[in-house]
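Under the numbering used here, the first residue of the sequence shown is numbered 7, with each subsequent residue one higher.
Simulated from the structure, these hints should not be mistaken for laboratory data. Some hints could be false.
[As the list claims (entries may be wrong)] Label pairs and their in silico Cβ distance ranges:
| hint | residue 1 | residue 2 | range |
| --- | --- | --- | --- |
| 1 | Thr326 | Gly252 | 17 to 27 Å |
| 2 | Gly427 | Thr313 | 40 to 50 Å |
| 3 | Gly516 | Ser219 | 54 to 64 Å |
| 4 | Gly163 | Ser219 | 27 to 37 Å |
Positions of the beta carbon are idealized from the N, C-alpha and C atoms, including for glycine.
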Amino acid sequence: MLKIGLVALVTLAAATLDVEPAAAAVTTERVTVSSDGVQADGFNIVDVPNGVASDDGRFVVFDSFAANLVPGDTNDAIDVFVRDRRAGTTERVSVSSGGVQGDGVSVLSAISGDGRYVVFGSEASNLVPGDTNGYGDIFLHDRQTGATERVSVSTAGSQANEQSVIPAVSDDGNRVAFLSFASDLVPGDTNGFADVFVRDRQAGTTVRVSVSSSGAQGNENANLPHISGDGEHVSFHSAADNMVPGDTNGFDDVFVRDLPAAVTERVSVATGGGEASSSSNSRSSMSDDGRFVGFESYASDLVASDTNGTGDAFVRDRLTGTTERVSVATGGTQAADGAGAPTLSDDGRLVAFPSGSPDLVAADTNGVNDIFVRDRQAGTTGRVSLTAGGAEANGHSDPAFISGDGRHVVFGSEASNLVAGDSNDNRDVFVRGTAVPTSDCTVTGTGGDDVLTGSGADDVICGLGGDDVINGGGGDDTLIGGAGDDRINGGGGDDTIDGGPGGDRLKGQGGDDVLTDRSGVDTVSGESGDDRVDVQDGAGGDTAGGGSGGDTCLIDAGDVARC
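Sequences are here, hints too, so could you generate the full structure?
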């Protein structure tokens with residue numbers, strides 16, 4: 007990889023696939039908006055697969071040129087933001103511990119699985135004291151404490167003598183992997199190439215991981231690191247031929263470094279171990295425990311019958327030593343136009359990837375890149391870059407990231423029809439989800455008219471069809487009406503209420519509630535507490551009320567707001 011600035015790196019740089027019957031309609035949501043719902047006035051970026059959403063899909067991180075997402079954004083630079091999808095808020099995190107905005111570009115962000123920590127690369131020199139090296143560094147921002155620290159430093163704490171880019175963070179925020187051209191982060195770095203390092207924040211140590219099992223440094227550049235959720239495995243690609251014995255193909259390969267075992271393994275190989283006949287040089291991703299590794303490759307010999315002559319998405323099972331191609335249709339047909347870099351759910355079952363191929367699903371007629379999810383267990387492939395009503399996107403969508411729980415897919419898109427009111431003529435970031443499988447429902451209705459009541463604990467109540475009456479009672483409940491004209495009362499606790507299709511009446515009652523009803527003519531009221539009421543369906547005719555407390559109401563023209 008050539009040495010290039012952070013802005014240039016940007017140019018290189020789920021949503022849910024229903025695997026069982028779902029109790030709630032799948033939705034598509036734009037997250038590149040301000041806390042009051044105003045769309046971004048600049049280009050927006052997601053850098054996958056290094057973790058752009060928390061494991062539960064609630065928090066999404068993105069980079070943006072926009073200056074209107076938060077008050078006081080006057081630095082005229084790309085910044086890093088986090089969207090809280092439950093609270094409906096957007097915050098800027100590329101700031102110093104005192105909240106001062108960066109005086110340079112901040113990009114290539116990733117968020118920890120718990121949503122607390124955000125890592126990013128920045129050319130700013132005012133995010134931490136003593137930043138005098140004149141190069142881009144890697145920073146970590148703690149959203150809970152507001153503290154920002156620089157992690158691209160040596161074990162002794164000295165700053166890097168060259169540029170550091172492309173961070174990835176473990177689920178708990180302790181370990182951060184990154185790429186650096188610096189030669190002074192560890193002793194004995196004399197290869198003159200970019201290497202991958204891991205900073206352990208608790209231990210205060212920095213180690214180089216793009217090395218062979220014997221510790222030999224790479225004889226070519228390493229690139230695009232990814233760290234597993236457990237923080238014990240790092241994947242990267244490299245053209246170095248001394249990472250493992252027998253590397254004679256002359257191409258970039260994908261490697262995994264097992265940190266506890268201090269072992270480096272090549273994973274872009276066929277089931278029998280044969281090396282790839284072409285390059286595997288895009289981003290890789292891993293399951294939470296590092297067992298499954300997803301990567302893109304142009305090789306035609308990793309699986310049988312690979313005759314499409316283009317790049318495909320693969321998953322390597324490091325435990326069984328098997329490699330499978332996942333960019334295929336439900337019946338196993340290979341993609342005519344190939345696929346981009348895949349990302350995996352925590353258990354490795356679900357894989358999200360971009361592809362411009364029109365033959366992965368039926369009725370794919372838009373002629374643009376779409377986002378797909380492959381269920382490796384069920385052998386099915388579905389498209390997720392769709393509107394809430396299932397219509398195709400009218401613009402290119404890529405890249406793709408699937409949350410750890412497999413229920414949310416984050417993707418960038420140039421499409422203007424995925425949500426109502428998208429008129430900014432900019433690339434935005436979207437989330438497809440969430441659908442709740444019926445197996446997760448603690449109380450489940452029928453297709454008829456039901457009266458359903460919670461237990462006083464944290465319930466998931468699913469009305470399904472019919473005109474239902476749902477009472478959550480105590481606890482922090484998830485209440486899903488489904489189809490029909492439903493009456494839903496949250497009760498005490500911080501509840502999440504989704505009316506579903508039909509003319510519904512929703513009441514949050516006590517607690518800080520999130521109430522959503524985007525289909526039909528609805529009446530939605532938060533009542534007491536700091537509530538978020540969203541009745542945006544592009545149609546009008548709804549009534550949104552906040553009640554007492556500090557409420558946020560999202561409405562369309564033609565709706566009645568009483569907030």
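Hints versus structure:
no., hint, in the structure
1, Thr326 with Gly252: 17 to 27 Å, "holds (20 Å)"
2, Gly427 with Thr313: 40 to 50 Å, "holds (44 Å)"
3, Gly516 with Ser219: 54 to 64 Å, "holds (58 Å)"
4, Gly163 with Ser219: 27 to 37 Å, "holds (29 Å)"
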